[in-house]
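Engineer: The lines below spell out each chain.
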Amino acid sequence: MDWLYMGGTLLRELRTNRVRRILSILGVVIGTAAVISSLAVVEGGREQLRLHLEKMGINMVLLEDRYRPEPVRLFQDVYETEQRQAAAIEDAQPDEIEKKIILKSRASPGAAAGQDPSGDGIPMPEVLRMRDVEALRARLPEAALIEPVAMDYAEVGLTGTRPRVALVEGGTALGAVIRNLAVREGRYLIPSDTERSEQVCVLGSRIAEEIFKGAPAVGRRLSMLGSQWRVVGVLQPKGTMMRFDYDRLIQVPITSMHERRGIEMVSALLVQARDNDGALALRDRLHHEVMARLRDRDPEEIRVFCQQELIEQHATMLRTFRILTISVAAFSLLVSGVGIMNIMLVAVRERTREIGIWKAVGATDADVMAHFLSESVLTCAIGGTLGILLGVLLASEAAGFVASTVAETSGWSPVFLPVFFGLSLGTSVAVGLVSGLFPALVAARLEPTEALRHE
Amino acid sequence: MRVELSGIGKTYRLSETVEVPALRDIDLRVREGEFVALVGPSGCGKTTLLSILGLLTLPSAGSYRLEDREAAGFSRNEMARCRASTIGFIFQAYNLLPREPAWRNVMFPLTFRAETRATRRQRALEALEAVGLAHRANHRPAQMSGGEQQRVAVARALVNRPKLLLADEPTGNLDSRTGRDVLDMIVDLAGRFGTSVITATHDPRVAARAGRVVEMSDGAIVSDGAGT
Ligand SMILES: Nc1ncnc2c1ncn2[C@@H]1O[C@H](COP(=O)(O)OP(=O)(O)OP(=O)(O)O)[C@@H](O)[C@H]1O
Ligand SMILES: [Mg+2]
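Chains A and B supply the protein sequences, listed in that same order. Per our numbering, the first sequence starts with residue 1, numbered consecutively. Per our numbering, the second sequence starts with residue 1, numbered consecutively.
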C-alpha cells in the first residue's frame with residue numbers, strides 16, 4: 001500500500017461535499033473544544049486548590065458572625081460592588097462610589113446620621129467579645145490557635161485625597177502565624193499593639209500600591225475610621241484565601257478598632273486545629289461553644305466553615321462542571337458522528353465504481369477500508385484541531401463562568417497539560433473511527449463486479 | 001499459468017423469483033502460455049466467464065483451479081492478492097479512474113506492491129510507452145479518445161507482468177493498426193513470460209491470432225478447438 005499516494009488522494013476527497021463536511025465538522029469542533037476546556041478548567045481548579053492549601057493548610061476552621069452593624073453593612077455594599085468590578089478597580093470612579101454612598105445614606109437615614117450602631121433603634125444582639133475568645137481558648141484544647149477578627153469597611157485615604165472604601169480587619173499578632181502572612185516591608189502587628197490599642201496598620205500589597213503609588217508606605221499616616229493611623233508594614237502579595245483578598249486588606253489591632261468604632265464585636269474567629277483530622281470535629285465543637293455563649297442568636301447567623309468543606313465544595317463544583325461539559329461534548333460529538341457517517345456513506349456511493357476498479361486491480365478489503373477510515377478520521381481530526389484552538393481560547397472564559405456561577409472565587413486560569421491535547425485530538429479521531437467504520441465496511445465488502453456495474 | 005474450470009455455473013438472482021442463468025456447466029483447461037479466444041453472440045456469458053477467471057466474482061457452482069490451488073475457496077484477501085500479483089484484466093468498458101492521469105491509472109496495480117515509488121513510476125511510464133501513449137501520460141481519461149483509453153487499460157493490465165491476462169474485447173475500440181499493435185503486445189507477453197491469455201472478442205482477426213478458439217452460446221461452450 002502506497003500511503004503517500006493514498007494521502008494525496010485523501011486530501012482531494014476532503015474537498016468533495018465541502019459544505020456538508022464543514023457542517024458535520026462543527027459538532028466535532030464544539031465537542032473537542034468542550035473536552036479540552038473542561039480538562040484545562042478542572043486542572044486549573046485543582047491547581048488553585050493546591051495553591052490554596054499550600055497557603056492555609058487543611059486544618060483551618062473559620063467562624064463567621066453574619067450580623068453587621070449598620071455602618072458596616074453600608075460600606076460592605078459599596079465595597080462588594082467595587083470588588084465585582086474586578087480588575088478595573090484602578091479606574092473605578094470615586095465619584096460614582098460616593099454617589100452610591102449618598103444614595104444608600106438617604107435610603108437609611110440612621111446610618112447617615114452615624115447614630116448608635118444598632119441604627120434603626122433595634123437593640124444590638126449579643127455578639128462575641130474579647131473575653132469570650134479567652135474563654136473559648138480554655139474550653140477548646142483541640143484548637144492550637146484562635147485568632148479573633150473584627151471586620152469593617154471604611155473609607156480610607158491620605159489626608160487631602162479622595163478616600164476609597166476598603167476592608168479593614170482588626171486582629172492580633174497571631175493573624176500572621178495562622179495564615180502564613182509575611183511582610184514585605186516593616187513589620188506585622190505585635191502583641192503590644194493590641195495591648196495598648198495602638199493606631200497602627202498593616203497594608204495589603206495592592207492597596208498600599210493604590211494609596212501610595214509606589215512610594216514607601218511604612219511610617220506614613222492614613223486616615224480612616226475618623227482618625228489617623230500609622231502604617232507599620234506592608235504584606236507580601238498573598239491573593240485570595242477563604243474569600244478574602246489579602247492584597248486589598250488593611251489590618252489594624254482589633255482593640256484599636258473596637259475603640260474607634262465604639263462597639264466591641266468579634267465578627268470572625270480563625271481557628272487552627274491541632275491536627276488535620278480534627279478539623280471537622282472542631283468545627284462542630286466551635287459552633288456549639290459559641291452558640292452556648294450567644295444564646296439569643298439565630299444559629300444560622302453564626303457560620304462555621306473548614307478548609308475540608310471548602311475542598312469538598314470545590315470538588316463538587318468541578319464535578320458539576322465536568323458533567324456539564326461531558327454532556328455538551330457527548331451530544332455534539334454524537335450529532336456530528338451521525339453527520340460524518342452520512343457523508344461517508346454518500347462518498348462510498350459516489351465512488352462505488354472507483355472502489356470496483358481498485359479492487360479489480362488488487363486492492364484488498366483492508367486497503368479500501370483503510371482509505372475510507374482515514375478519510376473520516378482526517379475529517380474529524382481537522383475538526384478536532386479547530387476545536388482545540390477554540391477550547392484554548394474559551395477555557396479562561398469557562399473558568400471565570402464556573403467560578404462566578406458555582407463557586408464564590410474570582411476564577412482561575414486553566415492549566416493545559418500536554419496530555420490534554422492528545423486526549424482531545426484522540427477524542428475527535430475516535431469519533432472519526434467510529435462514524436467511519438460502517439461506511440468503510442460497506443465499501444470494503446463490495447464485490448468488484450457489482451461495484452464496476454454501478455453507475 | 002495453468003487454469004482449470006470444471007462444472008462452473010453462474011446464476012444471477014434478480015429477485016426471489018427471477019434468476020438469470022449466465023453460465024452453465026463450463027469445463028475449460030488452459031495451459032501455460034496458451035492464447036485462447038472466447039467468441040459467441042452478445043449476452044452468451046463471455047464477460048461473466050472472464051470475471052470468474054479474474055476472481056472478480058465467485059461462481060455459483062463448480063471448481064476453479066489456478067495452478068494447483070482451488071481458487072473457488074480463496075478468501076477475499078487471497079483473491080485480492082492474486083488479482084494484484086498474477087492477473088491482468090482489460091475491461092470492455094476500460095474502467096479507468098476518471099480523476100487520475102494516465103500514468104497513475106497504469107501505476108495503480110503496483111501501489112499494492114512493495115516497490116519503491118520511483119520503480120513503480122518508471123514501470124508505469126514504460127508500460128505507457130509500450131502502448132504508444134508516453135506523450136499522454138499526464139492526461140486524464142476524459143481528455144483521451146476511446147482508443148487511447150483502451151490502450152491505457154491495456155498498459156495497466158500488463159504493468160505487473162501478469163501470469164494470466166484476461167481481456168474483454170481488447171481491440172473493440174481500436175482501428176485495425178493499433179488493434180494489431182495491441183494484439184502483438186499481448187502475444188509477445190504471452191510468449192515471453194508464459195502468460196496465459198484468454199480474450200473475449202467479436203473480432204475475427206483476434207480469433208485468427210489465437211491458438212485456440214472457444215465458442216460459447218447461451219452460457220455454455222459449444223465448440224473448443226484450434227483457430228482457423
Ligand atoms: N449483474 C448481472 N445481473 C443480472 N444479469 C446479468 C448480470 N451480468 C450479466 N448478466 C446477464 O448474464 C448474461 C451474460 O452476460 P455477459 O455480460 O457475460 O455477456 P457477454 O457475452 O459478455 O456479452 P457482450 O458480448 O455483449 O459483452 C446476459 O444475459 C446478461 O444479461
Ligand atoms: Mg461482455
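One should not assume that every hint holds.
[Stated by the list, open to error] For each label pair, taking beta carbons as the anchor points, the in silico distance ranges come out as:
hint, chain 1, residue 1, chain 2, residue 2, range
1, A, His454, B, Ser15, 10 to 20 angstroms
2, B, Arg113, A, Arg20, 33 to 43 angstroms
3, A, Asn342, B, Glu32, 42 to 52 angstroms
4, B, Thr119, A, Gly8, 41 to 51 angstroms
5, B, Ala134, A, Val346, 49 to 59 angstroms
6, B, Thr119, A, Ile323, 38 to 48 angstroms
7, A, Leu23, B, Glu32, 28 to 38 angstroms
8, A, Gly8, B, Glu129, 19 to 29 angstroms
9, A, Val346, B, Ser42, 32 to 42 angstroms
10, B, Ser42, A, Arg20, 37 to 47 angstroms
11, B, Gly146, A, Leu423, 49 to 59 angstroms
12, A, Phe331, B, Ser63, 11 to 21 angstroms
13, B, Glu16, A, Arg15, 19 to 29 angstroms
14, B, Glu129, A, Phe331, 49 to 59 angstroms
[As the list claims (entries may be wrong)] In silico contact screen, one side only, chain B against chain A (beta carbon under 7 angstroms); selected entries:
hint, residue
15, Ser51
16, Leu56
17, Thr57
18, Phe74
19, Ser75
20, Arg76
21, Asn77
22, Ala84
23, Tyr94
24, Phe108
25, Pro109
None of these hints come from the bench; they were simulated from the model. In this text, all values refer to a predicted model and were calculated from it rather than measured experimentally. The beta-carbon is built from N, C-alpha and C at its ideal position, and this holds for glycine as well.
Engineer: For each hint, tell me whether it holds in the structure or not.
Structural biologist: Here is how each hint holds up against the structure:
A beta carbon spacing of about 19 angstroms between histidine 454 of chain A and serine 15 of chain B agrees with the range 10 to 20 angstroms that was offered as a hint. Under the hint 33 to 43 angstroms, the C-beta atoms of arginine 113 of chain B and arginine 20 of chain A, about 36 angstroms apart, fit the expected range. Between asparagine 342 of chain A and glutamate 32 of chain B the beta carbon distance is about 50 angstroms. The supplied range of 42 to 52 angstroms therefore holds. The given range of 41 to 51 angstroms is broken by threonine 119 of chain B and glycine 8 of chain A, whose C-beta atoms sit roughly 18 angstroms from each other.
Judged by the Cβ atoms, the range 49 to 59 angstroms given for alanine 134 of chain B and valine 346 of chain A is violated: they are separated by roughly 38 angstroms. Separation of threonine 119 of chain B from isoleucine 323 of chain A is about 57 angstroms and departs from the stated range, judged on CB atoms against 38 to 48 angstroms. Against the hinted window of 28 to 38 angstroms, the Cβ-Cβ separation of leucine 23 of chain A and glutamate 32 of chain B comes to about 57 angstroms, which falls outside the hint. Between glycine 8 of chain A and glutamate 129 of chain B the CB atoms are about 24 angstroms apart, so this pair conforms to the stated range of 19 to 29 angstroms.
As the Cβ distance of valine 346 of chain A to serine 42 of chain B is approximately 35 angstroms, the hint placing it in 32 to 42 angstroms holds. Checked against the hint of 37 to 47 angstroms, the C-beta distance between serine 42 of chain B and arginine 20 of chain A comes to roughly 42 angstroms, which is consistent with it. In this structure, glycine 146 of chain B and leucine 423 of chain A meet the distance hint of 49 to 59 angstroms, their C-beta atoms being roughly 54 angstroms apart. Between phenylalanine 331 of chain A and serine 63 of chain B the beta carbon distance is about 55 angstroms. The supplied range of 11 to 21 angstroms is therefore violated.
Checking the proposed 19 to 29 angstroms range against glutamate 16 of chain B and arginine 15 of chain A shows it is violated: the Cβ atoms sit about 42 angstroms from each other. As the Cβ distance of glutamate 129 of chain B to phenylalanine 331 of chain A is approximately 58 angstroms, the hint placing it in 49 to 59 angstroms holds. Contact between serine 51 of chain B and chain A, as hinted, is supported at the beta carbon level, the nearest pair being about 5 angstroms apart and thus within 7 angstroms. A cut of 7 angstroms between beta carbons decides the hint on leucine 56 of chain B: the least distance to chain A is about 4 angstroms, and the hint holds.
With 7 angstroms as the threshold, the beta carbon of threonine 57 of chain B comes within range of chain A, its nearest partner Cβ sitting at about 4 angstroms, so the hint holds. Given hint, phenylalanine 74 of chain B at the interface with chain A, is violated; its Cβ is 12 angstroms from that chain's nearest Cβ, farther than 7 angstroms. For serine 75 of chain B, the shortest C-beta to C-beta distance to chain A is roughly 10 angstroms, which exceeds 7 angstroms, and the interface hint is violated. For arginine 76 of chain B, the interface hint holds, the least distance from its beta-carbon to any beta-carbon of chain A being 5 angstroms, beneath 7 angstroms.
Annotation: asparagine 77 of chain B was flagged as interfacial toward chain A, and the flag holds, the nearest CB pair being 5 angstroms apart, inside 7 angstroms. The criterion of a C-beta within 7 angstroms of any C-beta in chain A is met by alanine 84 of chain B, whose closest approach is roughly 2 angstroms, and the hint holds. Given the 7 angstroms rule on beta carbons, the hint for tyrosine 94 of chain B is violated: about 10 angstroms separates it from the nearest Cβ of chain A. Annotation: interface hint on phenylalanine 108 of chain B holds; nearest CB of chain A at approximately 5 angstroms, less than 7 angstroms.
Hint status for proline 109 of chain B: holds, given a least beta-carbon distance of 4 angstroms to chain A, under 7 angstroms.
The structure does not agree with the numbered hints 4, 5, 6, 7, 12, 13, 18, 19, 23 stated previously, though it agrees with the rest.
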